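A.B. asks: Chain by chain, the residues:
Number of protein chains: 2
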Amino acid sequence: MNPLSSTDRTRVRRLPERSSADRSVLYGILDAGMICHLGVVVNGTPRVIPTGYGRLEDTLYLHGSTGARSLMEGPSQDVCVTVTHVDGIVLARSVFHHSINYRSAVIFGTPQRVTDTDAKLTGLRAITEQLAPGQWAAAREPNRKELAATTVLALPLSEASVKIRQGPPSDDGPDHALDVWAGVLPVRQAFGPPSPDPLLRPGIPVPGHIAHRVTS
Amino acid sequence: MNPLSSTDRTRVRRLPERSSADRSVLYGILDAGMICHLGVVVNGTPRVIPTGYGRLEDTLYLHGSTGARSLMEGPSQDVCVTVTHVDGIVLARSVFHHSINYRSAVIFGTPQRVTDTDAKLTGLRAITEQLAPGQWAAAREPNRKELAATTVLALPLSEASVKIRQGPPSDDGPDHALDVWAGVLPVRQAFGPPSPDPLLRPGIPVPGHIAHRVTS
Numbered sequence: 123m124n125p126l127s128s129t130d131r132t133r134v135r136r137l138p139e140r141s142s143a144d145r146s147v148l149y150g151i152l153d154a155g156m157i158c159h160l161g162v163v164v165n166g167t168p169r170v171i172p173t174g175y176g177r178l179e180d181t182l183y184l185h186g187s188t189g190a191r192s193l194m195e196g197p198s199q200d201v202c203v204t205v206t207h208v209d210g211i212v213l214a215r216s217v218f219h220h221s222i223n224y225r226s227a228v229i230f231g232t233p234q235r236v237t238d239t240d241a242k243l244t245g246l247r248a249i250t251e252q253l254a255p256g257q258w259a260a261a262r263e264p265n266r267k268e269l270a271a272t273t274v275l276a277l278p279l280s281e282a283s284v285k286i287r288q289g290p291p292s293d294d295g296p297d298h299a300l301d302v303w304a305g306v307l308p309v310r311q312a313f314g315p316p317s318p319d320p321l322l323r324p325g326i327p328v329p330g331h332i333a334h335r336v337t338s
Numbered sequence: 123m124n125p126l127s128s129t130d131r132t133r134v135r136r137l138p139e140r141s142s143a144d145r146s147v148l149y150g151i152l153d154a155g156m157i158c159h160l161g162v163v164v165n166g167t168p169r170v171i172p173t174g175y176g177r178l179e180d181t182l183y184l185h186g187s188t189g190a191r192s193l194m195e196g197p198s199q200d201v202c203v204t205v206t207h208v209d210g211i212v213l214a215r216s217v218f219h220h221s222i223n224y225r226s227a228v229i230f231g232t233p234q235r236v237t238d239t240d241a242k243l244t245g246l247r248a249i250t251e252q253l254a255p256g257q258w259a260a261a262r263e264p265n266r267k268e269l270a271a272t273t274v275l276a277l278p279l280s281e282a283s284v285k286i287r288q289g290p291p292s293d294d295g296p297d298h299a300l301d302v303w304a305g306v307l308p309v310r311q312a313f314g315p316p317s318p319d320p321l322l323r324p325g326i327p328v329p330g331h332i333a334h335r336v337t338s
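If you read the sequences in order, they're chains B and A.
The opening residue of the first sequence carries number 123 in our numbering; numbering runs sequentially from there.
The opening residue of the second sequence carries number 123 in our numbering; numbering runs sequentially from there.
No lab work stands behind these hints, which were simulated from the structure alone.
Computed from a prediction, not measured in an experiment: that's the story for all the values here.
Careful: at least some of the hints might be erroneous.
Derived DEER-like restraints, expressed as beta-carbon distance ranges [to be verified]:
{"no.": "1", "chain 1": "B", "residue 1": "R235", "chain 2": "A", "residue 2": "P197", "range": "30 to 38 Å"}
{"no.": "2", "chain 1": "A", "residue 1": "K267", "chain 2": "B", "residue 2": "L269", "range": "56 to 64 Å"}
{"no.": "3", "chain 1": "A", "residue 1": "D180", "chain 2": "B", "residue 2": "L269", "range": "20 to 28 Å"}
{"no.": "4", "chain 1": "A", "residue 1": "D180", "chain 2": "B", "residue 2": "V147", "range": "37 to 45 Å"}
{"no.": "5", "chain 1": "B", "residue 1": "Q199", "chain 2": "A", "residue 2": "S338", "range": "39 to 47 Å"}
{"no.": "6", "chain 1": "A", "residue 1": "R235", "chain 2": "B", "residue 2": "S198", "range": "32 to 40 Å"}
{"no.": "7", "chain 1": "A", "residue 1": "P197", "chain 2": "B", "residue 2": "A270", "range": "40 to 48 Å"}
{"no.": "8", "chain 1": "A", "residue 1": "H334", "chain 2": "B", "residue 2": "D301", "range": "16 to 24 Å"}
{"no.": "9", "chain 1": "A", "residue 1": "T232", "chain 2": "B", "residue 2": "S198", "range": "26 to 34 Å"}
{"no.": "10", "chain 1": "A", "residue 1": "D238", "chain 2": "B", "residue 2": "R310", "range": "43 to 51 Å"}
Below, simulated EDC-like cross-link-like pairs (lysine to aspartate or glutamate); rule was C-alpha separation at most 16 Å, straight line [what the hints assert, rightly or not]:
{"no.": "11", "chain 1": "B", "residue 1": "K267", "chain 2": "B", "residue 2": "D240"}
{"no.": "12", "chain 1": "A", "residue 1": "K267", "chain 2": "B", "residue 2": "D294"}
{"no.": "13", "chain 1": "B", "residue 1": "K267", "chain 2": "A", "residue 2": "D297"}
{"no.": "14", "chain 1": "A", "residue 1": "K267", "chain 2": "A", "residue 2": "D240"}
{"no.": "15", "chain 1": "B", "residue 1": "K267", "chain 2": "A", "residue 2": "D294"}
Backbone N, C-alpha and C fix where the C-beta goes; we use that ideal spot for every residue, glycine too.
The following block holds chain B by itself, in its conformation from the complex (with noise of 0.2 Å):
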């Protein structure tokens, strides 16, 4: 695989040896998510909105409802897309050191809108099963009306970082003697029982691809 590339806006300033330039790990990041942070412009300031993806190969997928209409209905633009997992809380001897264990992407690009119906239903595929692997088999495909209410936009993996930070506290010496507790807290994502909708018609059972997910 290509490594990342680095640009002038992908290049890590701060703290560099936290950057990571294999594009494995940027896939790992992408593929453990279900949401992302979206950044457009609008009217010269900052939006970030939180919304679903998808990643197939060295394209991200966005889905179309992510509230930024300009992204959706005017021309194409630059966006941010930024995907992080917490992997645990950094407690230190001193409050300077406190820190987050954590893994983030960071894509740059300009995404484009997918037009193509095959197209359409391959990053609607992608993105579903992002959300919930298996589903898209499962499930009652989109049909005419639906894809043509859809807006599925393709951004190129092209511009990436990654970050990550991971282990114990880096006290300074002295700190060491310090009669505080220090270490990680480690934070993950679980899962709870499914709740099944009110509607739902007696005898279905839960299926695998969603049961086994369950962590309590």
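We have chain B already, so just place chain A on it with the hints.
C.D. replies: Chain A alone, transformed into the frame defined by chain B:
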């Protein structure tokens, strides 16, 4: 409490029934979060950075180490701060009605750098306590050198909007007859057992304010 403002930027155009004008709802979403996504405009293009924050009354404090160098060093500029909680995956009978249960807060404004020492400590305390309640009292407070090395930004909570989606899928009537399971897979943030710093002095137990957060 004053209701949230409705400006051109914060008016929720898409699915306005998902918006909330209740300031206590805004506080609840912000207080439950650990990181925000900070949007800035750099050379005309958007940039979205995950970073820590803290709230105290109607001020949101942002930590200086965001990677948004222009924001830390340059003149004050507009930002957008978004905090999002994913509460569930909404599994519908049709692909079209798949969705995410979430709560999000979007704040617009022009943060100011905090320069007064006491005000800076107040902001850092809010940021630290947001991440790890109880740690400000437990850890060593910042010394003069550390304070000088830390940038704190203060953003008034004067222009904000809240969007919430909860509840089961909303499939179209005819789709209810399909032989497809539908419902919600609940998502939450979970905390694992604390992992001590390898350099931790023996005999220091995990304090209660950290131990009580563990969910598994």
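A.B. asks: Can you let me know if the beta-carbon spacing of A/H334 and B/D301 is within 16 to 24 Å?
C.D. replies: Since A/H334 and B/D301 have Cβ atoms about 20 Å apart, the given range 16 to 24 Å holds.
A.B. asks: Measure nothing beyond the straight line between the CA atoms of A/K267 and A/D240; if it is 16 Å or shorter, mark the hint as holding.
C.D. replies: Roughly 14 Å separates the two Cα atoms, so the pair holds.
A.B. asks: Within 32 to 40 Å: is that where the Cβ-Cβ distance between A/R235 and B/S198 falls?
C.D. replies: 35 Å, holds
A.B. asks: Please verify whether B/K267 and B/D240 have alpha carbons no more than 16 Å apart.
C.D. replies: Answer holds: B/K267 to B/D240 is near 14 Å, not above 16 Å.
A.B. asks: Is the distance from the Cβ of A/D180 to the Cβ of B/L269 consistent with 20 to 28 Å?
C.D. replies: 44 Å, violated
A.B. asks: Against the range 43 to 51 Å, how does the distance between the Cβ atoms of A/D238 and B/R310 compare: consistent or not?
C.D. replies: 38 Å Cβ-Cβ, so the 43 to 51 Å window is violated.
A.B. asks: Are the Cα positions of B/K267 and A/D294 separated by 16 Å at most?
C.D. replies: 13 Å, holds
A.B. asks: Hint says 30 to 38 Å; check whether the CB-CB distance for B/R235 and A/P197 agrees.
C.D. replies: 35 Å, holds
A.B. asks: Can you tell me whether the CB distance of A/P197 to B/A270 sits inside 40 to 48 Å?
C.D. replies: Distance hint for A/P197, B/A270 holds at roughly 46 Å.
A.B. asks: Just tell me: holds or violated, for the beta carbon distance of B/Q199 and A/S338 against 39 to 47 Å?
C.D. replies: Once the Cβ atoms are compared, 43 Å apart, the range 39 to 47 Å for A/S338 and B/Q199 holds.
A.B. asks: Could you check the hint for me, namely that A/D180 and B/V147 are 37 to 45 Å apart, CB to CB?
C.D. replies: 39 Å, holds
A.B. asks: Do the alpha carbons of A/K267 and B/D294 lie within 16 Å of each other, as the hint requires?
C.D. replies: The hint holds at about 13 Å.
Going through the hint list in order, the structure does not satisfy hints 3 and 10.
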